[in-house]
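**Q** One letter stands for each residue in the lines below.
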Amino acid sequence: MQVTGRELITAIHGMLFGGLFLMACFGVLTLLFRSLAARTTPDAGAAEQRWDRVYLIVMVVLGWAAVLSGTYVIYPWYRAADPPGAANLAFYPQRLLLSSPQTAGWHELGMEWKEHIGWMAPMLMTMVAWVLTKYRGAVEEHRRLRALVTAFALAAFLAAGVAGGFGAFLNKKAPVQGGRLITLRSGQ
Amino acid sequence: MKPEEPIPNGAAGAAMLAAGSGCLALSLLALAGDGSKAVARLLTFYRPTGPLSGVTTVAILIWLAVWFIAYRVCKGKAVAIAIVSAVSFVVLALGLLLTFPPFEDLLLGR
Numbered sequence: 001m002q003v004t005g006r007e008l009i010t011a012i013h014g015m016l017f018g019g020l021f022l023m024a025c026f027g028v029l030t031l032l033f034r035s036l037a038a039r040t041t042p043d044a045g046a047a048e049q050r051w052d053r054v055y056l057i058v059m060v061v062l063g064w065a066a067v068l069s070g071t072y073v074i075y076p077w078y079r080a081a082d083p084p085g086a087a088n089l090a091f092y093p094q095r096l097l098l099s100s101p102q103t104a105g106w107h108e109l110g111m112e113w114k115e116h117i118g119w120m121a122p123m124l125m126t127m128v129a130w131v132l133t134k135y136r137g138a139v140e141e142h143r144r145l146r147a148l149v150t151a152f153a154l155a156a157f158l159a160a161g162v163a164g165g166f167g168a169f170l171n172k173k174a175p176v177q178g179g180r181l182i183t184l185r186s187g188q
Numbered sequence: 001m002k003p004e005e006p007i008p009n010g011a012a013g014a015a016m017l018a019a020g021s022g023c024l025a026l027s028l029l030a031l032a033g034d035g036s037k038a039v040a041r042l043l044t045f046y047r048p049t050g051p052l053s054g055v056t057t058v059a060i061l062i063w064l065a066v067w068f069i070a071y072r073v074c075k076g077k078a079v080a081i082a083i084v085s086a087v088s089f090v091v092l093a094l095g096l097l098l099t100f101p102p103f104e105d106l107l108l109g110r
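Note that the protein sequences, when read in sequence, are chains A and B.
First residue of the first sequence? That's 1 in our numbering, and the numbers climb one at a time after it.
First residue of the second sequence? That's 1 in our numbering, and the numbers climb one at a time after it.
Fair warning: there could be bad hints in the mix.
[As the list claims (entries may be wrong)] Chain A stretches covered by chain B per the calculated footprint, using a threshold of three residues with CB under 8 Å from any CB of chain B:
1) 65-78
2) 82-93
3) 143-153
[What the hints assert, rightly or not] Label pairs and their computed distance ranges (CB to CB):
4) B:K37 with A:Q49: 47 to 55 Å
5) A:L158 with B:V87: 19 to 27 Å
6) A:L36 with B:A93: 15 to 23 Å
[Said to hold, decoys possible] Chain B regions said to be covered by chain A (calculated; three or more residues, Cβ under 8 Å):
7) 18-25
8) 35-42
9) 69-81
Please keep in mind that the hints were generated in silico from the structure rather than gathered at the bench.
Positions of the beta carbon are idealized from the N, C-alpha and C atoms, including for glycine.
Extracted from the complex, chain B is given alone in its bound form (with noise of 0.2 Å):
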């Protein structure tokens, strides 16, 4: 008797690898707006949202090209999800440790 195949966890890990990647590149994004005027205003897209436009936007399609690639790569396959979903909660903890103001203005030297 053959046994049984596992049921293919790749496309949760490109799931939970995207949103990871999606949050700490707002957050990069965002550090990136902050601290410099020139990119922030290159971050402009809507002037009456000012630079958050650009940054979320963004950082939207990073995480929607990240989701879409990692999917393309993992669909139908068994991944080691432990490291994956790893490496996104590290990655996922410095975005959300990005985003506390007094952190990153610390970061940025004010």
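Okay, chain A solo, but in the shape it has when bound (with noise of 0.2 Å):
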């Protein structure tokens, strides 16, 4: 059972980073939506806004760890130049995919769309974080803010989601490979 250093660095980015990321974008949503119906909020206590806090940095992490580790790790290996001549596109994942018009949309149009698109999460959910921070002990007070707060985290959310699916599928369609070769399990 084996896995080579980019696919674990890839799952480490798309399924740890980028997935958490969208879940807990999802998770804030949820308790914004479900505050907006309920009219009022309740009181939270010492430990809850401590624990409301801690989720929300975590948050915002992981979006920054799932940019930046896309931008500056995988996607180099993604665009990297074949060689002339090279028969064999398997390592260069961008220059396979448009080597064929069946393919090539997946680049034009999906890293295209991710590559630019997926920075607007972080950045977003980090105003929408500060903002909950921020005005937590006022939220009645401020209700319009909280109902825009949501939209902000939708649009992230949904562009959280775009750079997400498209990532999922670029990397069926051509996984990034090669690296150093790590040896999980040994077989029988």
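Make the complex out of the two chains shown on their own, each in a separate frame, by following the hints.
**A** Given below as structure tokens:
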């Protein structure tokens, strides 16, 4: 049972950072919608408020970890130029996708969209987390503010969804390969 | 009895405006990089990542700069949050739309 270093890092980027960020965004959205529908917000104790802050910080860190690892670690592997005359493009995912009209769209639409819209999600969620933390004691006075923040969080969730969804499909169509081979479990 | 003073919402307005501006800046920089090879070269801060490195770095700097300035201006003040948020949403929507490759291609005449 083996995995390459690049496969492992891509999994960490997509499933750990990206996946958990997406789930955390959904959690924040659920709580925001619930508080808007309930019209009142129960007073949170000090411990609860501390936990909320930790949750928001972890969510933001996951978002930034996802875009930074994607842009500076995995994207260079994805867009690596193939040597002249290379017959096997398996190690050059972008070139592999562009080599056929049937798969070119995955790069031209999928990656081109993902690489930019993905960055918007942590930017927006950082703002959402900051506003929720700063105004946590004045929720009722700022119901409109909370509704506006919900709309921004929804935009961030959709942006993260587009990036994550295309990321998953791209890694199916042209997976990032190579790197050191890591043995997770020896066979019989 | 003095009427209750509203809790200032200026800091939140500043954060929203900055987030929207950051997203639009990212899209405009990406558009400029796609449309001009010279701009793309200028935005290549880290060669393995290409122009995306510069696009995102500059956009983040713009976002943080707008946030810092808007925060300094709006801190402790009550702003017309409906107007500020409407502007922020329009700017954000434009930013999101510009990231959509077919729309970007349309603007670049491809």
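**Q** Work down the list of hints and note, for each, if the structure agrees.
**A** Status of each hint after checking the structure:
| no. | hint | verdict |
| --- | --- | --- |
| 1 | 65-78 | holds (count 5) |
| 2 | 82-93 | violated (count 0) |
| 3 | 143-153 | holds (count 6) |
| 4 | B:K37 with A:Q49: 47 to 55 Å | 51 Å, holds |
| 5 | A:L158 with B:V87: 19 to 27 Å | 20 Å, holds |
| 6 | A:L36 with B:A93: 15 to 23 Å | 21 Å, holds |
| 7 | 18-25 | holds (count 4) |
| 8 | 35-42 | violated (count 0) |
| 9 | 69-81 | violated (count 1) |
The structure fails hints 2, 8, 9 (numbered hints given earlier, in ascending order).
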